[in-house]
Amino acid sequence: MTADVLEHTHTVQAEKTHDAVRELTYAQAIQEAMAIAMERDERVFLMGEDIGVYGGAFQVTGDLYQRFGPERVMDTPISELGGAGVAVGAAMTGSRPIYEFQFSDFATLAMEQIVNQAAKMRFMLGGEASVPLVMRFPAGSGTGAAAQHSQSLEAWFAHVPGLKVVQPSTPHDAKGLLLAALEDPDPVMIFEHKLLYKSKGPVPEGYYTVPIGKAAVRRVGRDVTIVATSIMAIRSLEAAAQLEQEGVDAEVIDLRSIRPIDREAIIESIRKTSRLICVYEGVQQLGIGAEIAAIACESEAFDYLDAPVIRLGGADCPLPYNPELEKAAVPQIDDIVAAARRIVGRRG
Amino acid sequence: MPTEVILPRVDMDMTEGMIAAWHVDEGDEVREGMLIFEIETSKATMEIDAPASGIIRQINAPVGESVPVGRAVAWIYAAGEALVDHRERGGAAVAGGASMHPEEATQGQTQTKTPQTYATEAYEHAAPSDQNPHAADDVASTDGPEPLRATPAARRLAREHELRLVEIAGSGPHGRVAAQDVLRAAMLEEIPGAASNSAPHTRLHSITLRKGSGDPLVLLHGFAAESNSWRPFSQAVARLGGTEAGMLAVDLPAHGKSPAEAAGSLEEMVAALEQTLLDAGIERCHLVGHSFGGALALATSAQASRLEVRSLALLAPAGLGPESNGAFLRGLTDATRRSSLVPWLRQLFADPARLDEGFVATAWQQLESPEVRERLAMVADTFFPDGTQMLDLRHLLNDLTMPVRVLWGQQDRILPVRHADGLPGHIAVHRFTGVGHLPYVEAEAEVARVVVQNMASAMAVNTSARVAIR
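Listed in order, the protein sequences are those of chains A and X. Quick note on our numbering: the first sequence kicks off at 1 and runs consecutively. Quick note on our numbering: the second sequence kicks off at 1 and runs consecutively.
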């Protein structure tokens, strides 16, 4: 985590109000974050395909069009490259756009704007301009949307200096990370898992942020560290509950942010448990798991490793349409349980 | 056949040494015992003598080079002997002879070897696929670097405990040494000079509970207890009268004030107990063993060759069946605070109200230390892995000729009382109603009486209670 981000998030946290907490869905929490942001700051506006009258492909923007009008909730043509170009320009010239890609897979159409423009501008212009752009990406598999609408491409973007990449797994974090992203001077990409939109959880009313670059320890344990992202953090927690019955005490770290990545949280946990499993939905090879494993091997955590690191990632194939094959192509709870048994030296 | 000059191991934890100086040149004639080179280790500089007489050839480790222990650094040839190309796996290639001047061959070899080639060769020599018998000629001995498998955590712990990984048996896949293997080895090596394979001279700590005459009564406590736990019982025996025997309580290996080094197997424990008693001038005794100490008492009665056990009383002994309360064992060794220990201690009693502050305080005094808990957890892991009793000692009862009594509480929640079923007919079994795992606490007076009667019967029979098995 860079120092300025730390400082920034601390300032924001100080403003945090202690409002009532309700149960909201992940989608509702994101919508609420966008509504609060637009109420607080007139520079904030939304762009995306079918986000206006239709309410968004996953109904995340919902009735914001009716509440804020067509000038602040703008439907864009089916051209991600064009839309992203508009968003980058708007961000550079003083606005705070939130651009929804209908599926994260379509980020491929906007690579030029994201990678070559948004990520580079602040550096190439010597800090005289920045691109405070927030991009939202419905991502992940499990909806039967097949190979072109089910990918987890976050690692691609985490490889690009100048971008920030977050993956909230709870309604609380979905709202807090979106508001933190709006405060950030740099482009932030939020990968929202499609299967999580309907999941519920406690969400405080009012304004708060979740710091970018800070992982959350979801469960404290001593036998094995499971570092997971997005929905895999949820599955890891369920796996940990099963493992507890077998006497295996797993620590679950929800990374929340993959760029910047919370090295300290990973290192500290491995020093305690001596074992590491990385769980993520993106294709396993050359993915986030490799980075996490490298942190373990390159840091003082190395001397504490007592078993080979295990990566559980997506299968090395385009995601299948067949529901059974689709499930088999990404880590499930049973896979995590089996990996944990293996790493602590149990059979069965 | 040339003699190889190897880089020797000059201290225990040395894995490589640096050539500090050569005192001979290639072509020099040397006599066996003559100083030929010096090596520098992390600790000292050592002078190395020629292992044979002859002519020095093929020096392949220049000054300043670090060389793994056991590698050949030069060869000593007989006068006129043709040079052997040690790098050639075929073994038959001879660099000398008419076609090439020996000095040239030597020179070529020394100068083309880079550190990388040393490393590669060393690895190749150790590779299991290497079936060429001449490989053994290249690398002096089995001390060469082997593909040791050990986790980073195991390596760190080995450094911290100053242990050599190659001497530790790995429990992981392909013999991989893991952290727990090193911790186990560290436990066994705790006392310097007491390696497990040397003659056991482990001295166990003991306390004299009463001075007396005749063959003493030796008391062996259970898992995670220590010798002081016998104090109230010894007073009950004293009050009862009928025996003037001295009483002695011994701390089991890895318990109380006794060292951990003999805790790796029951055989070592028997040897340590026997030696401890012999050292104290005790050649004959009466034994009382509780729980884990019962297993030791039984094995000692059957297997000790120099110690005569005159009578044996086993209180809820281990070793008579596979079941045990695994949760209890884990609870004891996992408890990091007094409050989490208490519920487990309660399991010991049929009447939990019997668990008083004094008992808790004594137990906590021992278990408070994380080191003690770790030691005990390893003992538990050795003898009771997954709550399963690995010791099967039932057969030992058959051949015992001294009076033997087995005493058990009907409400024992640690080791089931049914393990007292089906014992050989000459063994007396006493079952106490309303008593848990600690008959000598919950039925103190009754147990004391049975023990004293058992001792008395041994004297009456006046038989040599030696056991003839093994």
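Quick caveat, the hints were computed from the structure, so don't treat them as lab data. It should be emphasised that the depicted structure is a prediction, and the values quoted were computed from it without experimental measurement. Backbone N, C-alpha and C define an ideal beta-carbon position, used for all residues, glycine too. Warning: the hint list may mix true and false statements.
What the hints assert, rightly or not - Derived pair list, reagent style DMTMM-like, types lysine to aspartate or glutamate, alpha-carbon separation capped at 25 Å:
hint : chain 1 : residue 1 : chain 2 : residue 2
1    : A       : Lys272    : X       : Asp334
2    : A       : Lys272    : X       : Glu244
3    : X       : Lys211    : X       : Glu244
To be verified - What follows is a list of derived Cβ distance ranges for each label pair:
hint : chain 1 : residue 1 : chain 2 : residue 2 : range
4    : A       : Leu286    : X       : Ser42     : 48 to 54 Å
5    : X       : His430    : A       : Ala338    : 47 to 53 Å
6    : X       : His161    : A       : Arg222    : 28 to 34 Å
7    : A       : Ala20     : X       : Gly358    : 51 to 57 Å
Hint by hint, here is what the structure shows:
A threshold of 25 Å between alpha carbons decides the hint, and for A/Lys272 with X/Asp334 the separation of about 16 Å falls inside it, so the pair holds. Simply put, A/Lys272 and X/Glu244 have alpha-carbon atoms about 55 Å apart, too far for the 25 Å limit, and the pair is violated. Restraint check for X/Lys211 and X/Glu244: satisfied, since their Cα atoms lie roughly 9 Å apart, inside the 25 Å limit. For the pair A/Leu286 and X/Ser42, the beta carbons lie near 40 Å from each other, so the given range of 48 to 54 Å is not met.
Judged by the Cβ atoms, the range 47 to 53 Å given for X/His430 and A/Ala338 holds: they are separated by roughly 49 Å. Checking the proposed 28 to 34 Å range against X/His161 and A/Arg222 shows it is violated: the Cβ atoms sit about 22 Å from each other. Separation of A/Ala20 from X/Gly358 is about 52 Å and conforms to the stated range, judged on CB atoms against 51 to 57 Å.
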